[in-house]
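Just need the whole structure built from these sequences, with the hints factored in.
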Amino acid sequence: MRVWPEASMRVWPEASMRVELAVNGRSIAVEVEPRTTLLGCIRDDVGLKGAHAGCEHGVCGACTILLDGEPVRSCLMLAVQADGHAITTIEGLSPGPGELSVLQDAFCETHGLQCGYCTPGMILAAHALLARTLTPTRADIVEAISANLCRCTGYGQIVEAIALAAERLRAANKGPGG
Amino acid sequence: MKPVAFDYARPASVREACAMLADDADARILAGGQSLIPMLAMRLARPSRLVDIARIPELSHIEDAGTHLAVGAATRQAIAERDPLVARKAPLLAKALPWVGHAPTRNRGTVGGSIANGDPAAEIPLVAVTLEATLVVATTQGTRELAAAAFHLGPMLTALPEGGVLTAVRFPVWTGERIGTGFQEVAARRSDFALAAAAAQVALDGQGRCIALAVGIGGACATPVRLDAAGAALIGRPLEEAAVREAVEAATAGLETLRDHHASAAYRRRVAATLARRAILEARDEAAAGGGLNARLAGGQHARLAGGQHAR
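Which chain is which? The protein sequence lines are A and B, in order. The opening position of the first sequence corresponds to residue 1 in my numbering, with each subsequent residue numbered one higher. The opening position of the second sequence corresponds to residue 1001 in my numbering, with each subsequent residue numbered one higher.
Hints may contain errors.
[Claimed, not checked] Which residues of chain B face chain A? A few of them, derived with a C-beta cut under 7 Å, are:
{"id": "1", "residue": "1003"}
{"id": "2", "residue": "1005"}
{"id": "3", "residue": "1034"}
{"id": "4", "residue": "1102"}
{"id": "5", "residue": "1104"}
{"id": "6", "residue": "1107"}
{"id": "7", "residue": "1108"}
{"id": "8", "residue": "1190"}
[Stated by the list, open to error] Estimated spans, in silico, between C-beta atoms of each pair:
{"id": "9", "chain 1": "A", "residue 1": "156", "chain 2": "B", "residue 2": "1019", "range": "52 to 60 Å"}
{"id": "10", "chain 1": "B", "residue 1": "1192", "chain 2": "A", "residue 2": "99", "range": "33 to 41 Å"}
{"id": "11", "chain 1": "B", "residue 1": "1019", "chain 2": "A", "residue 2": "135", "range": "44 to 52 Å"}
{"id": "12", "chain 1": "B", "residue 1": "1019", "chain 2": "A", "residue 2": "177", "range": "37 to 45 Å"}
No wet-lab data here; the hints were simulated from the structure. Beta carbons: idealized from backbone N, C-alpha and C, even for Gly.
Laid out in structure tokens, this is it:
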């Protein structure tokens, strides 16, 4: 995290402010109005549409991204607050063009998604869990996705998907990032 | 874009933040933003300027100051939740933190922000009032200290002076071998706002008699309420369930409780009294077992699940 020098006393007017982000490992600078949410910035300025705009006031979790590896709601942050931080979106989890991560693959296999709207947020929340532990209990998995709403699956197959991915990663002796 | 347009300022020190707030009457403080940004999105808040205090180094710290644990106001809830010093010195705060919002909001939300926001259902203000924490507030005139109970005036209404910045929360440290804590909450859904919650911290002597008791309820009234009468009635006694029940019911009988679409005033009073009793008994059992730290370290993140099932 960057800390501004003492006595900077910076005030950015509503016009625009330069924000530097590391999105999925790539450094990028954007000019945003202070009122732009991080979600809006990622979708409209960075151009990655994987973070979904659901409720846009912090209830549904569809906009979940990883900020410095931790899940946060991108609709509950301003882009200017994320200045200097590392962002991971669902687009950053794929190991290569046209490929799926172990976790994404497990969601397909167990039918862990139907409409797909909550899926990026669910997968990122699960990714953060599996980065912490590859031996999560069912309670750990339920807790990890408790901030994300799904209106299709009833959650059962999502929990199964995460357990399956954990099992495969354990067997392969790998983290969720491969 | 949903919020109205505003200026954004990022002061490097508390002194600068106070100057920026004094400079503009419609400026508001932005810390973690987990309550303010939804208000902006719904245009219920229309500030002219946001003063972002999250990067001010002096506001993010957790320090053992002997008689109290000082937690910087912009310390993120997730940091405090994982901090071993918080677990040892302010175990009631450690036990309450997993109930605050959910993990993604705790990754951004701050300890001081939750207090300054003044939501009557919030867990951190409940802990601050229960333990009689001291709040440190800075303005351009200097700093002053306020008792947590005097800070909370009503729903979303606090004694934070105009242009003031909450800089730190000082949680009193209890010393002794046999200290236990209890935290209980009932909400409509997991992670939802508390319809009622209760927090308790107990110290026992070698014979199992209560030598200190702090108990408070949240969500039930316009502000968190410390049940001093229950504490006074139970000091020197062994905290048997019947005595605890009687003391808590007497202490909550006269309280003016909130009512809304979700719960009547009578329901909130009844649930708050029940949760206060359970919190005291939970704290008693933990204290009798030699304090909660070992149990918490072993239980880890399952503490919350166990608590939730117990409350229902």
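Under the criterion of a CB-CB separation shorter than 7 Å, is residue 1108 of chain B in contact with chain A as hinted? Constraint on residue 1108 of chain B satisfied, holds at 5 Å.
Verify the interface restraint on residue 1034 of chain B: the C-beta must sit less than 7 Å from at least one C-beta of chain A. Holds, because the Cβ-Cβ distance from residue 1034 of chain B to chain A comes to roughly 6 Å (cut-off 7 Å).
Next item in the hint list is residue 1005 of chain B. Is there a CB on chain A closer than 7 Å to its CB? holds, 4 Å
Should the interface hint for residue 1102 of chain B be scored as holding, given a Cβ-Cβ cut-off of 7 Å against chain A? holds, 4 Å
Per the CB criterion, is residue 1104 of chain B less than 7 Å away from chain A? holds, 5 Å
Quick check on residue 1107 of chain B please, does its C-beta sit within 7 Å of some C-beta on chain A? holds, 5 Å
Could one say that the CB atoms of residue 1019 of chain B and residue 135 of chain A fall in the range 44 to 52 Å? Distance hint for residue 1019 of chain B, residue 135 of chain A holds at roughly 51 Å.
Does the closest beta carbon of chain A sit nearer than 7 Å to the beta carbon of residue 1003 of chain B? holds, 4 Å
Checking hints one by one. Is residue 1190 of chain B an interface residue toward chain A, by the C-beta closer than 7 Å rule? holds, 5 Å
Is 37 to 45 Å a correct range for the gap between the Cβ atoms of residue 1019 of chain B and residue 177 of chain A? Given a distance of about 44 Å, which is inside 37 to 45 Å, the answer is holds.
Given a hint of 33 to 41 Å, does the C-beta separation of residue 1192 of chain B and residue 99 of chain A actually sit inside it? Between residue 1192 of chain B and residue 99 of chain A, where Cβ atoms are some 38 Å apart, the hint holds.
Range hint 52 to 60 Å: satisfied by the CB atoms of residue 156 of chain A and residue 1019 of chain B? At roughly 55 Å between Cβ atoms, residue 1019 of chain B and residue 156 of chain A fall inside 52 to 60 Å, so the hint holds.
Checked against the numbered hints above, the structure breaks none of them.
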